[in-house]
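Protein chains in written order, with my numbering: chain A, 1 to 332; chain B, 1 to 332.
These are calculated hints, taken from the structure and not from any lab test. These figures come from a predicted structure and were not determined experimentally. Just so it is clear, CB atoms sit at the ideal spot from N, CA and C, and this is done for glycine as well. There may be inaccurate statements among the hints.
[What the hints assert, rightly or not] Just so you have them, the derived chain B footprint on chain A, three or more residues with Cβ under 8 Å:
#1 52-60
#2 240-254
#3 278-290
There are 2 protein chains.
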Amino acid sequence: MTAETKPAKRPTSFDVAKRAGVSRATVSHVLNGQGSRFPEETRAKVLKAAEELNYQPSPAGRALVTGRSDILVILVPNTTFGSNLQDLVDNVTSHAAAHGLSVVVRFAGSNPGETLAAILHFRPVAVVDMGILGADEREVLHHSGAAVIPRIHTPEDPTHDINHVIGRTMAKALLRNGPRQLAYAALLDERLDPFGPGRYEGMKAGARAEGLPEPERLEIPLELGRASAALAAVKAKDSPLAVGCYNDDVALAVVAAGRALGLRIPDDLSVVGVDATAIGQLVSPRLTTIRIHNAPLMERIAADLAALGRAEAPAPQPASLPEVTVLTGETT
Amino acid sequence: MTAETKPAKRPTSFDVAKRAGVSRATVSHVLNGQGSRFPEETRAKVLKAAEELNYQPSPAGRALVTGRSDILVILVPNTTFGSNLQDLVDNVTSHAAAHGLSVVVRFAGSNPGETLAAILHFRPVAVVDMGILGADEREVLHHSGAAVIPRIHTPEDPTHDINHVIGRTMAKALLRNGPRQLAYAALLDERLDPFGPGRYEGMKAGARAEGLPEPERLEIPLELGRASAALAAVKAKDSPLAVGCYNDDVALAVVAAGRALGLRIPDDLSVVGVDATAIGQLVSPRLTTIRIHNAPLMERIAADLAALGRAEAPAPQPASLPEVTVLTGETT
DNA sequence: CAGGGTGGGTTACACGTGATACCCGCGGTG
DNA sequence: CACCGCGGGTATCACGTGTAACCCACCCTG
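Build out the structure end to end from the sequences listed, making use of the hints.
Shown next as structure tokens:
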């Protein structure tokens, strides 16, 4: 029979009350902002006792009575997790911690319903959505009492979607030196790709604007042999090809495939990626890529978070899109 | 005055009991495995009512009474989040969901104490640790009642640490074609690097074994200009340099820096990375890199998870290290 | 027929917290 | 003096769940 180690009981608000010589209700009031009603002396006693015992309110008890947890969920696409997303997570984590919230990172699975259920299960106080949720899902979350951050109302006009803008920008970057046959390269991956469709549509629009035929859609795995095969399937022997890619990783695969097929870059094959990753600028040829400036987005998230802490209604949103610029490398 | 939308009350076990025509206690018993005492008819009634109401037990209520949440925390280093870690997270998530657990991804911040506190705050039923926690921190978690997975006891002999093995393997791969001046390239990043020190020590051991001087330690940022400067600082003009890198990203930066300095690869500069990322095999020159086979580790995690679901003590562990192999590319 | 076991279920408590409603004493006021 | 307002604090309820203890009718047995 193994000795059963008991799970290390933590101090409760009752312990604090006992130590401070007051009732538990007083402790609760002092610790939850309603302390202005009490004289300084009493507040000090309670605060001191809580400090000495290192009292941490039980999340379970609090969640039970308030109907809401102290959890903030960051919903992240599980396809691309680059350093920019990492920065965002770190940023949100520190901001949230300042407001006493626990941050939970959740990868959007391929099943949206399941993801939504998992989020609702936490009864989070807020959800940071990186453009994965649809309008109806955001509505469900909002109705469940969770704040959805940032408060960008998904535009009714799909042309104003950020991914559509990215797609058009890719087309423009690829056509800078004259018309070419366009193609869109998606990542071949079993996971959900929330951004790809919008980017493809944007490229289609970009092609239409130039009077070019509709771009084909390739699926590129991150492996040389199969990537080459996929690329060879669309490359007409004599006309130069221009490929807009889902992200920089895919762009690197397309470049490698092109080289394997004996294509000159950017003469026979031009490529543009998305995300402006550090790696894309370290390889040869340096990638031309789309940089998404989401510092303003981070600021807005921080602001929404702060508003949440003050239990304010969030400021009305201008719903501006992040700025998108082309970082020109050696692949266009 | 805005209309206050009430937060969509969810059904409780009381509602289920009412609908099934039994007491709440019966519902709880049937739904928590103690149902064998009840006749099939009653069980069916309860299960049917729960199904019809789509009853989901409140995590808060359950956590309050059991003193433990239904959360499983995956602790992940925030420096490198490649597709291998992504796979592990997905894998654990699906396994955990099968056992009714909610998965929470937590990035190990630069402050270990803070990270530990954040984990303890969840009162998780289990913590999956990717080699970040020290023995004492694992002890704290265990004592708080959380299962620490996988149950690898950190070896008392640092020579048996996986990162030490990786460092030695890097040294061996770099010295394959004769002795060279060795160096270790860490990632210049403000975040915590839990694996770097072990790998550096491993390389030192590898150098000693060959009678070579102690390798220097470089800090390489993922940016060409500064990476070149860092590399130039250690490159003696005439002796060939061999750099073992923290991961493939750093290796790519070192290769780029070497090219910028006019070095021939692998004649003047040989490089080896870690992780065998897809990107490293797509660029030219193809990276030589260390692959860590953690399929067995995943299986063990799954097994530990299953044992957890059955409330069993986990099987005794052979504490075997993951296998490590060299994927030879064009940089050595 | 009395007593004991047992299948089938319920009553009641505990978990830790937030907040509403209340109580008490005291000074001011009509 | 009766009353009111109020500063200062507390009793109590509600949240939803798991489970130990209990209860009751029934059958079997001596």
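Here is how each hint holds up against the structure:
1. Figure legend: the region 52-60 of chain A, annotated as covered by chain B; annotation consistent (4 residues with Cβ-Cβ distances under 8 Å, at least 3 required).
2. Remark: the region 240-254 of chain A is confirmed as covered by chain B, as 3 of its residues place a Cβ nearer than 8 Å to a Cβ of that chain, reaching the required three.
3. For the region 278-290 of chain A, the stated coverage by chain B holds: 6 residues have a C-beta nearer than 8 Å to a C-beta of that chain, and at least 3 were required.
When each numbered hint is compared with the structure, no violation occurs for any of them.
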